[in-house]
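Using the hints, position chains B and C against chain A.
Chains as they are written, first to last, in our numbering: chain A, 65 to 374; chain B, 8 to 311; chain C, 2 to 386.
I should point out that these hints are in silico values taken from the structure, not numbers from a laboratory.
Mixed in with the good hints, there may be bad ones.
[Said to hold, decoys possible] Computed spacing ranges between beta-carbons, pair by pair:
(1) B:155 with C:317: 26 to 36 Å
(2) A:202 with C:374: 33 to 43 Å
(3) C:76 with A:93: 52 to 62 Å
(4) B:163 with A:77: 54 to 64 Å
[Unchecked claim] Below, computed lysine-lysine pairings styled on DSS-like, alpha-carbon distance capped at 25 Å:
(5) A:93 with C:260
(6) A:93 with C:264
(7) A:374 with B:258
(8) C:139 with C:317
(9) C:286 with C:340
(10) A:317 with B:311
(11) C:139 with C:199
(12) B:282 with C:66
(13) C:260 with C:177
(14) A:181 with A:374
(15) A:181 with B:311
(16) A:316 with B:116
(17) B:116 with A:72
(18) C:286 with C:260
(19) A:317 with A:374
(20) A:374 with B:311
(21) C:340 with C:383
(22) B:258 with A:181
(23) C:199 with C:177
[Unchecked claim] Computed, partial: chain A to chain B, Cβ under 7 Å:
(24) 126
(25) 181
(26) 182
(27) 186
(28) 193
(29) 296
(30) 310
(31) 347
(32) 350
(33) 351
(34) 354
(35) 355
(36) 358
(37) 365
(38) 373
(39) 374
This structure is a prediction, so every number in the text was calculated from the model and none was measured.
Glycine is no exception: its CB is placed at the ideal position from the N, C-alpha and C atoms.
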Amino acid sequence: MGKGLPRKILIVLILPCAVYAIFFALQPKRFGNLQTLYIMFQQAFLPSISAWGLCFVMSLGLYDLSIGAIIILSAIVGTNLTLALGTGVGYIWLFIGCLATAVVLELVNATVYNLLKIPSMIVTIGLMILYETAANFVGDAVLPYELSIFGRAPYNIIAGAAALVVAYILYNRTQIGMQIGAVGGSEIIARNAGVRVERVKMNGFLLCGLFLGIASFLSVSYGGVIIPSTRMSSILRLFPPLMGYFIGIALKKVCNIIIGIFIGEMVIIMVVTGMVTMGVPTTYQQVITGLFLLAVVGIATKAKTDEVVK
Amino acid sequence: MRGFKRIVPYIGLVLIIVLFSALTGGKLLSFRNLKLIFNQAVVLIIGCIGVTFVMAQGSLDLSQGSLLGISGAMAATFAAITPGLSLPLAILTGIAVGMINGTLLAFFKIPSFIVTLCVLFVLRGLTVIATHSGSIPLPFAMLSLDNFRIKASILVTVILAAYYAYTYTSLGKNMRAIGSGETSARYSGVPVERMKVLAYLISGLLCGLCGWLNVVRTGAADSKTGLLFELDILTALVLGGMPLTGGSSAKLQSAIIGGLMLALLSNGMVLVGIKAELQQAVKGVIFLLAVYLSFERESVVMIK
Amino acid sequence: MKQHKIFCLVLTVAFSLMLFGGFSLFAEQAPKAEKAEKVEKVEKAKGPYLFGVSIWSDSGPLSKKVISNLRYAAGVLGAEVEVAVDGFKPDNQVSNIENLIARGCDAVMICNCTDAVVPKIVKLADEAGVPLALYFRKINDPEIKKYAESSPYFIGNVHEDEVAVGYNLGSALADKGCRNAVIINYNKGDTTAENRYKGYKKAFAEKGIALLGEQWDILDAEPAANAAESFIAAFPELDAIAVGGGGGGPLSGTIRAVKNHNKIGRIRITASDFGPDIAESLKNKEVAAMSGGHWTDPFFTFILLYNYVDGTPLSKKVETITMQPIYLTSVSEAQEYMKWCMDQPPYNDEEIKNMTVRHNSSFTLSDLRKIAAAYSLQDVIKRHK
Numbered sequence: 065m066g067k068g069l070p071r072k073i074l075i076v077l078i079l080p081c082a083v084y085a086i087f088f089a090l091q092p093k094r095f096g097n098l099q100t101l102y103i104m105f106q107q108a109f110l111p112s113i114s115a116w117g118l119c120f121v122m123s124l125g126l127y128d129l130s131i132g133a134i135i136i137l138s139a140i141v142g143t144n145l146t147l148a149l150g151t152g153v154g155y156i157w158l159f160i161g162c163l164a165t166a167v168v169l170e171l172v173n174a175t176v177y178n179l180l181k182i183p184s185m186i187v188t189i190g191l192m193i194l195y196e197t198a199a200n201f202v203g204d205a206v207l208p209y210e211l212s213i214f215g216r217a218p219y220n221i222i223a224g225a226a227a228l229v230v231a232y233i234l235y236n237r238t239q240i241g242m243q244i245g246a247v248g249g250s251e252i253i254a255r256n257a258g259v260r261v262e263r264v265k266m267n268g269f270l271l272c273g274l275f276l277g278i279a280s281f282l283s284v285s286y287g288g289v290i291i292p293s294t295r296m297s298s299i300l301r302l303f304p305p306l307m308g309y310f311i312g313i314a315l316k317k318v319c320n321i322i323i324g325i326f327i328g329e330m331v332i333i334m335v336v337t338g339m340v341t342m343g344v345p346t347t348y349q350q351v352i353t354g355l356f357l358l359a360v361v362g363i364a365t366k367a368k369t370d371e372v373v374k
Numbered sequence: 008m009r010g011f012k013r014i015v016p017y018i019g020l021v022l023i024i025v026l027f028s029a030l031t032g033g034k035l036l037s038f039r040n041l042k043l044i045f046n047q048a049v050v051l052i053i054g055c056i057g058v059t060f061v062m063a064q065g066s067l068d069l070s071q072g073s074l075l076g077i078s079g080a081m082a083a084t085f086a087a088i089t090p091g092l093s094l095p096l097a098i099l100t101g102i103a104v105g106m107i108n109g110t111l112l113a114f115f116k117i118p119s120f121i122v123t124l125c126v127l128f129v130l131r132g133l134t135v136i137a138t139h140s141g142s143i144p145l146p147f148a149m150l151s152l153d154n155f156r157i158k159a160s161i162l163v164t165v166i167l168a169a170y171y172a173y174t175y176t177s178l179g180k181n182m183r184a185i186g187s188g189e190t191s192a193r194y195s196g197v198p199v200e201r202m203k204v205l206a207y208l209i210s211g212l213l214c215g216l217c218g219w220l221n222v223v224r225t226g227a228a229d230s231k232t233g234l235l236f237e238l239d240i241l242t243a244l245v246l247g248g249m250p251l252t253g254g255s256s257a258k259l260q261s262a263i264i265g266g267l268m269l270a271l272l273s274n275g276m277v278l279v280g281i282k283a284e285l286q287q288a289v290k291g292v293i294f295l296l297a298v299y300l301s302f303e304r305e306s307v308v309m310i311k
Numbered sequence: 002m003k004q005h006k007i008f009c010l011v012l013t014v015a016f017s018l019m020l021f022g023g024f025s026l027f028a029e030q031a032p033k034a035e036k037a038e039k040v041e042k043v044e045k046a047k048g049p050y051l052f053g054v055s056i057w058s059d060s061g062p063l064s065k066k067v068i069s070n071l072r073y074a075a076g077v078l079g080a081e082v083e084v085a086v087d088g089f090k091p092d093n094q095v096s097n098i099e100n101l102i103a104r105g106c107d108a109v110m111i112c113n114c115t116d117a118v119v120p121k122i123v124k125l126a127d128e129a130g131v132p133l134a135l136y137f138r139k140i141n142d143p144e145i146k147k148y149a150e151s152s153p154y155f156i157g158n159v160h161e162d163e164v165a166v167g168y169n170l171g172s173a174l175a176d177k178g179c180r181n182a183v184i185i186n187y188n189k190g191d192t193t194a195e196n197r198y199k200g201y202k203k204a205f206a207e208k209g210i211a212l213l214g215e216q217w218d219i220l221d222a223e224p225a226a227n228a229a230e231s232f233i234a235a236f237p238e239l240d241a242i243a244v245g246g247g248g249g250g251p252l253s254g255t256i257r258a259v260k261n262h263n264k265i266g267r268i269r270i271t272a273s274d275f276g277p278d279i280a281e282s283l284k285n286k287e288v289a290a291m292s293g294g295h296w297t298d299p300f301f302t303f304i305l306l307y308n309y310v311d312g313t314p315l316s317k318k319v320e321t322i323t324m325q326p327i328y329l330t331s332v333s334e335a336q337e338y339m340k341w342c343m344d345q346p347p348y349n350d351e352e353i354k355n356m357t358v359r360h361n362s363s364f365t366l367s368d369l370r371k372i373a374a375a376y377s378l379q380d381v382i383k384r385h386k
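Just chain A, with the same shape it has in the complex:
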C-alpha cells in the first residue's frame, strides 16, 4: 500500500467521476444537484449489503443463487414476527427476526452443501425453489410506517455504514476473512496447510446470511411491502448485488473489494438514475447497463493469454 496509495485512489475515483461528469454534462439541471447525489448514495447501500454478503461466498469460489429468496423469506418472517410480538421497539424484533431467519437459511444452504457434496450452484437453485414456496405459504410482509425508520435517512445511512465497517473488518482483519481468502485462492493449498475447509465454507455462508439479514431488514423498511415471488423469479433480486460484485472484482487490483463493491453499486445507480432523468426508455436502460458492465469488466480484466478462464 503506502506509496501507491494516492495513485490507486485516483484510479478508483476515475470511474464514478467519469460517469457523473457525463450525465452532469448531459443533464446539468436534473442530475447535478446535491439531493440527487445524496439519494443515489443512500440507494447504493441496499444492493451493496447483499453484495458484501455474496462476496464471502463468491470469494470461496462458490455461488449462492438463493439470496433473493432468502431476503424475501427473511423479511416476511421478520415482519410477521414483529406484528405478532407487538410494537413499541418493533424494529428491534424486526431486525432480530430478519437476521435470525437469514442466518438459519444460510446455515441450511451450507449444511446441505457440505452434506450432499454437490456443487453450490445446484444446491442453491434447489433450495431457492423451496424457500420461495415457503415464503408464498407464509404470506406477504407489510410493515407499518412507524416501524420503518431504518428505511429513511439518516438511519439507513447509519445502518449501511455500520454494515460497511463490519464487512470491511470481517473480510480483511479477522481470521475468518483470511481463511476465506486462502480457501478461495487455492482450496488444495489451504487444505494442505491445515485449514478446515468445510468449516471455512460454513463460515462464508453464515456471514453471507448475516448481511442478507441486514439487507432484508433494510429492504422491508425501505419499501414497506415484500411480496413473495415464485417459479425462480426471486433470482431477479440477485442481479443488482451481482453487478456491483462484478465491478468490485474488476477494481480489485486498485481497491479493496468491499469498498469496490460500494463504488460499483454507486456507479450502476448513477447510470440508471442518469438515464431516468434523461428520459431514456427503460428497455434501453437494460441494454446500456448490460453493455456498460461488460465494458468495465472487459477493460479491467487483463488475463494472460494462457490463463484459464471459465
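Below, chains B and C alone, put in the same frame as chain A:
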C-alpha cells in the same frame, strides 16, 4: 459405484414415469399425452444439447433465455415479410450472439458467468425493443408448421448430428479435453480459443433454432418469451447428470434425459392434480435428490 | 476427416429432405396433419366439473385472490378448479392449456399474455372440443378476434376498460390541481399496463398535465421507491406520481418514498391494483385515488363457462362482458372494502347459485351483464348489509 451413478438419471426418468403413470392411472403414457410431452420437451432438449458443448468445457451459458426471446422476435419480424426468412434469421441471430459470447470469453478473458449474464440483460432489452414492447404475431398459416413430423425430424437430426460431433469427432474430444484440464489440453495442441468460440456458436445456433420452434409453437414472439429459460436448461442438464465442471464425464445423454424429465414432471404434476403452489417444491426436492445420487464426486477434485 | 465430411453432408441432405418433406406434406394434406397434432381431451369418469385455470402467478395479492375466489365459487357449485401457473410466457401458456386439457378439464380459462398467443390456444381448445374463455383480457387485433370468434369453442371474455381506468385516475390527478406527473408502471409490453398508460396519457394531454418521465418493469416495492426518489430529486416541480399496477408492491414503495422526502400533500399518487395495505395508503391522503378489486372478473368468466359446461349456455355467440373496477378515495371506503369484499366473498352462495341456469332457470346473459356492470363497493354493501 461409478457405474451406478452413471445410470441414476436413467433410473430417475424411469421412476418418474412409473410413479406418475401409476398416479394417473396410465393417463401419462397414453399416446396422446406422450406426444404432448414430446411437444413440450423439444425446445428444451435442443437448447440443452447446445449448452452441453459449452458445459463440456466447464463454462456456463446463461444467455439462453434472452437469446430465445430475441431470435424468436427476429423470426416473427421476418416471417411477416416472407415466412421463408424466419428460420434462417433466427439461426443467424443465434450464431451472432454465440460468436460474441465466445469471443468475449476466449479472447477478452472475461469469465463466462459474467459474459453470458451481461449478454442476458442486453438481449432482454433488445427483445423488448424488437417486439415493440409487446408481441409480434406470426402469420396464421405458419401455426401449422407446429407439426409433429417437422419437429421430430428436426430433433432427430439435431440429436444425431450432435451425438456424432460430440462423441466421434475431434471437436467433441477437444471440448471435453478443455473441461478436464485446459492447460494440459493447450499443451497437447488443442486450439483452446477456437474451440471455446465454436462451442458458444453451436449453443447459439441451436438456441436460435429453439427460438424459431418456440415462435411457431405459440404463434407469438413476446417480450417475455424465454424469461428464465436459462435456468430451465441448467436444471434439466443437471437433472440429466451433467457435471458443472465439464470434462470426460459430460455426456450428451444428459441433455435428452434432463429435458424429458422436466417436461414429464411439469405434465405429470398437472395430470395428478398437485396444487399449483406445491408443484415447485416437489420439483426442488426431486432436483436435489437426483443430483445428490448422480453426482460423481470422485472425478471432481474440488466441489465448488 | 473425409468420412466426417461425408457424414455431415448426408446429415444435411437428410435434414433438408425431412424438413421440406414435412413442409410439403403439410401443404398437401393439411387436414390430416392437423388431426395428428390434436390434443384430445381425456374422457374421465363422471364426477364434478373440472375447470382449468392458467394464471400468471400463484403469489401476490391479485393472483392469490383470483385463485381463492374461483375455488370458492367452484366449491359452491360443486365443481373443482385446477390451477396452472404460466408466468405470462407464451410457451408456458400453450403448455398449460395442453396439460389442463389432457388432465380432463371440462373447460379452460386463461389470462393471455398477448393477443398473438390466442390463435394457438383457440386451436388447442377447438381440436379438443373444450370450451375456452379469457379473463382480464379483450382481443384488440381485429384479425385475431375474427379468428377466435370463428371457433365454436371460444365462449368469450371478461375485461375491464383499462384505458378508462387510466383516464379516470389521470383526471383525478388533474382535479387535485396537479400539473407535472411521472408514471411508474410494471411490465413494458403487458396489455393491461399499456392500456392504463394510454388512458393516463390521454387524460394528461386533455387536462394539461406534463408527463415528465416514466419508468417501467417495476414489480417490487424497493425499485419503485428508488424510481420515485430519483424522480423527486430530478424534478423539483413534480406533483403527481401515477402507479400503473404491479400488485400493490410498487404503490407501497412509492408512498414510502414520498413520505420519506416529506412531500405528502405536495405530490399526489394514484394507483391501480390494491396492495396488501390499502388503508395505510389512504390514511393521510397520500393516495388521491386508486382502483382495484377487479379480481372478481375471472369469476364472471367462470360463470360463463359453468353454464356452458352444464349444458345451458347463456349465449350461442361469443360474448364480451365489461366490468368496472372499484375506486377508493378514503380510509373509510377502504375499511368498507376490506369488510365487505375481502373478508367475505362479494357474491354469497345463494347469489352464485342464482347465476346458473341449473339453480335459476330464468337466468340470462343480460342478467349476468347487469350484475357485472353493477359491481362496485356500494353494490356489494347494498346486497349484503
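Each hint tested on the structure:
no., hint, result
1, B:155 with C:317: 26 to 36 Å, "holds, 34 Å"
2, A:202 with C:374: 33 to 43 Å, "holds, 38 Å"
3, C:76 with A:93: 52 to 62 Å, "holds, 59 Å"
4, B:163 with A:77: 54 to 64 Å, "holds, 59 Å"
5, A:93 with C:260, "holds, 24 Å"
6, A:93 with C:264, "holds, 20 Å"
7, A:374 with B:258, "holds, 19 Å"
8, C:139 with C:317, "holds, 19 Å"
9, C:286 with C:340, "holds, 20 Å"
10, A:317 with B:311, "holds, 24 Å"
11, C:139 with C:199, "holds, 16 Å"
12, B:282 with C:66, "holds, 16 Å"
13, C:260 with C:177, "holds, 18 Å"
14, A:181 with A:374, "holds, 21 Å"
15, A:181 with B:311, "holds, 9 Å"
16, A:316 with B:116, "holds, 16 Å"
17, B:116 with A:72, "holds, 23 Å"
18, C:286 with C:260, "holds, 11 Å"
19, A:317 with A:374, "holds, 20 Å"
20, A:374 with B:311, "holds, 13 Å"
21, C:340 with C:383, "holds, 13 Å"
22, B:258 with A:181, "holds, 21 Å"
23, C:199 with C:177, "holds, 20 Å"
24, 126, "holds, 6 Å"
25, 181, "holds, 5 Å"
26, 182, "holds, 5 Å"
27, 186, "holds, 5 Å"
28, 193, "holds, 3 Å"
29, 296, "holds, 5 Å"
30, 310, "holds, 6 Å"
31, 347, "holds, 4 Å"
32, 350, "holds, 3 Å"
33, 351, "holds, 4 Å"
34, 354, "holds, 3 Å"
35, 355, "holds, 6 Å"
36, 358, "holds, 4 Å"
37, 365, "holds, 5 Å"
38, 373, "holds, 5 Å"
39, 374, "holds, 5 Å"
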